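Novice: Listed here are the chains, written in short residue letters.
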Amino acid sequence: MGAGKHAGKILILAEDACAYPGADATGQGHMSYSADTYILRVKASVLFPEQFYLDCFSKGIAGIIIMSCGAETPYPGAYEALARRIDRVYVLMKERGLDIRRLRLTAICTVCTRAFLKEVQQMQDLVCQLGAPGSEAAAAPAGAAKALQEQ
Amino acid sequence: MAQKKKPALAPEPTPGGKVGVYVCHCGGNISDAVDVEQVCAQARRVPGVVVARDQMFMCSDPGQEMIIEDLKSGLVDRVVVASCSPSLHESTFRNALLRAGANPYVYEHANLREQVSWVHHGPEATAKATRLVAAAAAKAARLKPLEPIRVEVQPRALVIGGGVAGMKAALELAARGQAVVLVEKSPFLGGQVAQLQELAPEGETAAAVISELAGAVLGHPAVTVYTCAQVEGFEGYIGNFKLKVVRKPPLGATYADRLEKLSKSGQGLGEYVPFVGVMPATIPESPEDFDLEAGVVVLATGMRPYQPRPGEYAYKNFPEVVTLPEFIRLQAEAEGEGDTLMLHGRPIRGAALIHCVGSRQIPGIHAENEGGYLNEYCSRTCCAATLYAANLIRDRYPQTKIFDFYRDIRTYGRGQEELYTQAAASQVVFFRFEAGEEPQVLKNPDPQGPPLLVQVKDVLTFGEELEVPVDLVVLAVGQEPNNIAGLVQQMKIPIGADRFLQEVHPKLRPVEMSVAGILLAGTCQAPFDVGETCAAAGAAAVKAAAILARGFVELDPFVAEVDLSKCTGTGACVEACLADGALSLVDLEVAGQKVRRARVNPVMCLGCGACVAVCPENAINVQGWTLKQFESMVDLIVSDEYLEGA
Amino acid sequence: MGSRQNRRFDALVLGGGIAGLEAALNLAEQNFAVAVVEKDASIGGKMIRLSKVFPTLDCSSCITTPKMAAAAHHPNIALFTYCEMQTLERRGEDLVAGILQKSRYVDVEKCIGCRQCEYQCPVLVPDAEQGGFAARKAIYIPFSNAIPQKALIDTDNCILCGRCAKVCPTQAVNYFEQPEEFHLTAAAAVIATGFEAIPLEDKVQYGQGRIPNVITALQMERLLAPHGPYNRVLRPYDGMEPDSIAFIQCAGSRDQSLGVPYCSRVCCMYAIKEAMLLSGALPLADIAIYYMDIRAFGKGYEQFYQTAQAMGVNFVKGKAAYLDPGENGAVRVRYESQEATGGVQVAEHDLVVLSLGLVPAWDPQGRCLLSTGGDKFIKTVKPKTAPTLTDLEGVFVAGAAAGPKDIVDSIAEAGAAAMEASRYLSKQ
Amino acid sequence: MALVDPDFAAELKAYGVDTALDCFNCGTCAAICPLNFEHFPRKMIRYVQVGAKQKILQQAQDLWRCLHCGLCTRTCPRQANPGELILGLRRYVLAQFRRA
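Residue numbers (our numbering), protein chains in the order written: chain A, 1 to 151; chain B, 1 to 646; chain C, 1 to 428; chain D, 1 to 100.
Hints were generated in silico from the structure; no laboratory data involved.
All values derive from a computational prediction rather than experimental measurement.
Wrong hints could be hidden among the right ones.
[Claimed, not checked] Derived Cβ-Cβ restraints for the label pairs, each shown as a range:
#1 D:Arg65 <-> C:Ser371: 42 to 52 Å
#2 B:Gln399 <-> C:Ser371: 36 to 46 Å
#3 C:Phe176 <-> B:Asp640: 50 to 60 Å
#4 B:Lys316 <-> D:Arg65: 42 to 52 Å
#5 B:Gly266 <-> C:Val381: 25 to 35 Å
#6 C:Val108 <-> B:Gly177: 35 to 45 Å
#7 A:Arg114 <-> B:Glu37: 29 to 39 Å
#8 B:Gln455 <-> A:Gly77: 48 to 58 Å
#9 B:Lys316 <-> C:Glu327: 54 to 64 Å
#10 B:Gly122 <-> C:Gly98: 22 to 32 Å
#11 A:Gly77 <-> B:His344: 50 to 60 Å
Idealized CB from N, CA, C, for every residue including glycine.
Start from the sequences and build out the full structure, keeping to the hints where you can.
Specialist: Next up, the structure:
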């Protein structure tokens with residue numbers, strides 16, 4: 001790890017009913033993970049528009065993990081709507097030359113400590129590998145990097 | 001504590017925000033890994049933060065007093081506590097704000113223990129803690145005071161269905177002093193249970209059960225019963241349902257058999273008649289309708305027995321093939337004594353009982369029913385009911401032999417396995433068949449023998465084909481939900497793949513429908529026996545009682561709010577809304593011009609924010625969780641400005 | 001302190017499992033003051049210890065924790081954990097309960113749940129909360145999502161080294177703490193004392209717990225839980241990943257030779273559920289369920305059973321008669337196959353799970369005048385029209401205390417008991 | 001196709017066979033039996049339940065394999081007393097042979 005360790009910040013959207021307590025359980029177990037992670041407690045991630053994710057990347061967030069409740073969401077239909085939105089975000093990310101693996105949609109339960117750690121570790125590894133958001137844009141179609149800068 | 005004088009109220013929060021940050025050491029839990037003083041020092045540089053203090057235990061009295069003092073003195077009007085997880089102490093600190101006379105919602109929590117000190121070490125722990133505190137402060141600065149949404153509740157429950165579930169629910173609510181209106185479609189109280197005789201496994205009589213419940217319902221001043229009545233209009237929301245009830249004479253000869261039985265019995269109104277129930281009032285001569293307001297609605301629309309298709313197990317092909325409910329009635333009305341059961345003047349020396357008729361149907365193996373569906377579920381009650389009937393016959397008519405054909409014996413409940421043991425002890429002979437290899441009911445080719453022959457490939461006899469000549473075949477039919485398509489459509493309530501009403505969640509909210517204020521009781525939800533139905537009705541009643549007893553419903557203020565200065569009436573939010581009826585478009589007049597604007601019904605709003613994401617103007621937000629708040633949190637997370645040495 | 005002496009409530013709830021919590025919440029929501037008396041150091045009962053629950057496969061903890069938190073934070077509910085109810089008697093209008101607060105040796109008022117004591121404690125003890133497959137300390141918080149998050153000392157294993165007392169930031173450890181007796185008075189009570197699994201030691205044919213790699217279904221719950229002991233399913237004997245797992249149904253139920261003639265009602269479904277979770281965790285493993293009758297009677301249960309069959313779980317009709325150890329930690333299962341070409345068979349499995357039946361966790365005998373049935377569960381006097389009524393006035397029963405019951409049925413009954421109790425209270 | 005004869009069980013009462021119908025065919029007796037022989041003794045009990053008299057007579061020699069160890073009786077979950085049933089069937093078969 002070493003040098004790559006602080007490759008960029010990871011934002012975690014943790015839903016209040018499941019993933020947020022899941023992160024708490026990870027803490028109670030003193031299971032260490034990257035400190036470059038910032039958890040936002042949210043009621044339902046379906047609240048965020050496509051632009052929010054793009055803005056986060058242009059602000060310098062290197063990776064985003066949406067830790068939803070999956071099908072166990074207290075808001076019937078929210079997960080499906082969220083999944084459709086994330087598909088659209090992926091399209092927009094591609095247009096801007098952003099590696100779509102920087103955004104991950106997953107479901108974490110209140111005691112899913114290991115799944116939590118795994119997700120964080122995977123994103124951490126990916127961010128180390130990719131570097132700052134937009135740095136992969138060089139390899140992307142022409143105009144993508146420009147589009148990103150214009151955000 | 002010292003100041004017992006009337007507390008000066010904290011001043012109204014200013015729009016810009018004067019944020020106080022309070023960082024907890026948690027007795028070393030946080031401060032061992034995080035430099036708490038440094039976090040405070042850095043937090044003071046965050047825009048909007050006017051004070052940052054630390055304390056050994058912020059949740060202790062001195063810690064809370066510190067916050068209360070700062071609020072009361074007007075030093076701060078927004079509070080961030082950085083301590084353990086909000087699940088432990090968020091409510092503690094919101095209460096502290098209340099005690100200071102402040103609005104409890106101008107509060108934000110930063111989790112420095114579970115998310116920082118217990119998982120990170122060294123300088124990065126302090127840096128992360130500072131960023132989390134800064135982000136919380138940024139959100140706090142944008143918080144508005146909120147008030148819980150209060151909905152007044154009409155002090156009346158409407159119960160739909162006059163069977164065991166409906167009567168039990170009505171009685172429980174009435175006993176708690178609530179006014180109840182009970183609406184029953186037929187002229188009778190008692191539902192399907194009134195079509196039975198003795199109830200497994202203990203053997204209480206249907207007569208006793210229905211007489212007890214109907215007697216109490218009709219005798220209770222708080223319960224108003226309408227028979228021959230249906231709900232034909234429905235609108236409103238929890239606390240304020242507006243319904244139209246129609247009473248009309250039943251169609252054609254629907255209840256002719258029961259009415260005839262009633263008149264022959266010589267019993268009057270309000271008295272129990274076997275296989276009829278209790279008729280509390282005369283049938284209306286002409287249709288009449290009335291409006292009704294109710295705070296809650298309990299659905300107790302019940303079930304009906306599965307009706308076999310003609311030819312299914314030779315049903316209708318031979319008069320000697322009957323369903324279990326039909327048999328119960330035949331048996332109850334059978335005359336004569338002796339040690340052989342006599343039906344229609346014929347001795348029944350051998351009877352076959354066949355389980356799982358219309359239940360546990362498997363796609364690809366069983367034929368679909370008329371409506372194109374399969375009853376894939378187990379009907380739960382038929383095993384015990386069938387064995388009870390077997391034991392009863394063996395007990396009363398020792399010369400009548402019983403042959404029982406089953407797939408699995410499901411005597412799960414208290415006292416039920418004993419029925420199975422007792423059946424064995426009373427010499428009932430059991431045969432086991434596999435799905436798809438159901439017993440065949442044929443005409444007995446032997447003219448000297450009994451009329452029917454049952455053939456089975458018997459699992460218990462190593463797969464051998466066995467034949468049993470019998471005088472009677474009884475089909476243990478399952479339960480199907482009553483057809484309540486009209487109600488389902490009006491109330492917009494979900495039904496499951498099994499066509500029973502679908503609760504929100506079988507464990508978290510087992511008697512609630514997705515429409516708040518509508519509860520479900522008994523066999524409209526799933527097959528149940530009488531005891532289980534009464535338990536389910538009690539569970540529904542207790543939820544209804546809590547709503548009615550309080551007189552109002554208090555809902556979280558975290559619901560969508562439209563900023564009319566931004567709304568352009570695109571309707572995207574209405575499209576995206578996940579809660580039917582929470583969002584709508586209304587026509588307004590602004591400066592003489594007609595415009596369309598979104599309107600939130602806060603009572604129906606779930607607060608999920610699905611609308612927030614789709615508004616092109618960001619004109620709609622969830623109060624307390626706005627998009628701007630989240631964006632400013634991200635800004636502070638990525639910013640280095642307030643970090644020392646950064 | 002005298003703080004908890006002789007407090008008065010509207011209703012007492014005995015047992016802080018899912019039935020007790022549901023009953024308490026339903027009473028509290030109607031503005032009755034409720035005391036919940038729990039014998040363990042945390043509320044949550046059996047449900048909080050499970051992995052996922054049938055038929056929805058929801059994470060059990062995710063459903064229990066909100067109810068636990070709601071009860072803990074409810075202004076009308078007081079929790080009395082680590083307390084035994086020793087007596088319950090009616091004195092006129094009142095029910096008076098004699099309560100014994102067992103010693104935690106940690107002052108709950110002071111303990112902040114920081115676990116410093118736990119980290120310093122040098123004693124490792126098999127953790128019953130993890131099926132005995134992992135270790136805990138002699139001073140410990142019961143489990144990660146316990147409520148309250150307060151430590152206690154297991155005096156059987158504590159070596160009195162003093163480290164916990166030294167490290168505690170709030171001086172909460174008190175080695176001299178005495179048990180305390182006090183009274184709680186109320187007008188009504190709900191008994192929700194739940195169940196225990198039939199002791200493994202009772203099963204001679206199944207090795208009485210002495211055959212390696214024969215575990216109980218509750219132990220399997222821990223192996224399957226996302227926060228379980230090994231992070232995956234391994235058999236305890238040698239840490240091998242099992243390729244073949246068998247469930248033995250009616251291990252103690254429906255068996256007159258063991259004095260448990262009744263059906264335990266939940267074992268079929270929990271075995272099917274565990275089998276499904278196993279086939280997710282170990283996709284290549286063979287899973288067999290030895291059964292007499294599959295009792296999938298509840299809402300969605302039969303469909304759940306059919307799904308398990310479609311997933312390849314092998315349902316073997318026949319009661320496993322005898323288990324003995326095989327080669328390399330395997331377990332041999334003897335049963336009669338009912339197929340025409342069957343006969344007596346011996347199957348070898350890497351891991352065998354006993355679907356143990358349920359017996360009552362609490363016996364009112366000698367404590368109060370509540371009758372029990374032939375099955376030793378609390379007797380109900382009007383099972384049809386008032387299924388939660390007992391023969392002691394003002395006392396109601398909910399959940400597995402009145403006979404084996406799954407979570408869904410326990411919750412419904414808890415609602416009904418709360419309704420009966422509130423009705424009784426409003427009559428007073 | 002074999003015709004079920006429900007009267008056979010009653011006929012056997014005279015030979016002390018009166019618990020056959022208590023059996024719910026779980027197979028414990030067969031699996032626990034040290035003979036380890038096909039479906040024995042459950043097979044015999046099942047034949048009594050369905051009245052397969054001929055099958056019992058045809059396979060009567062199997063009845064004499066039983067060592068009367070009592071394991072089946074001890075472990076029978078329904079207390080159907082399989083060991084005693086086998087002894088009773090021996091008496092029945094002997095009586096039939098004598099009559100023949």
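Novice: So which hints don't hold here, by number, going up?
Specialist: 10
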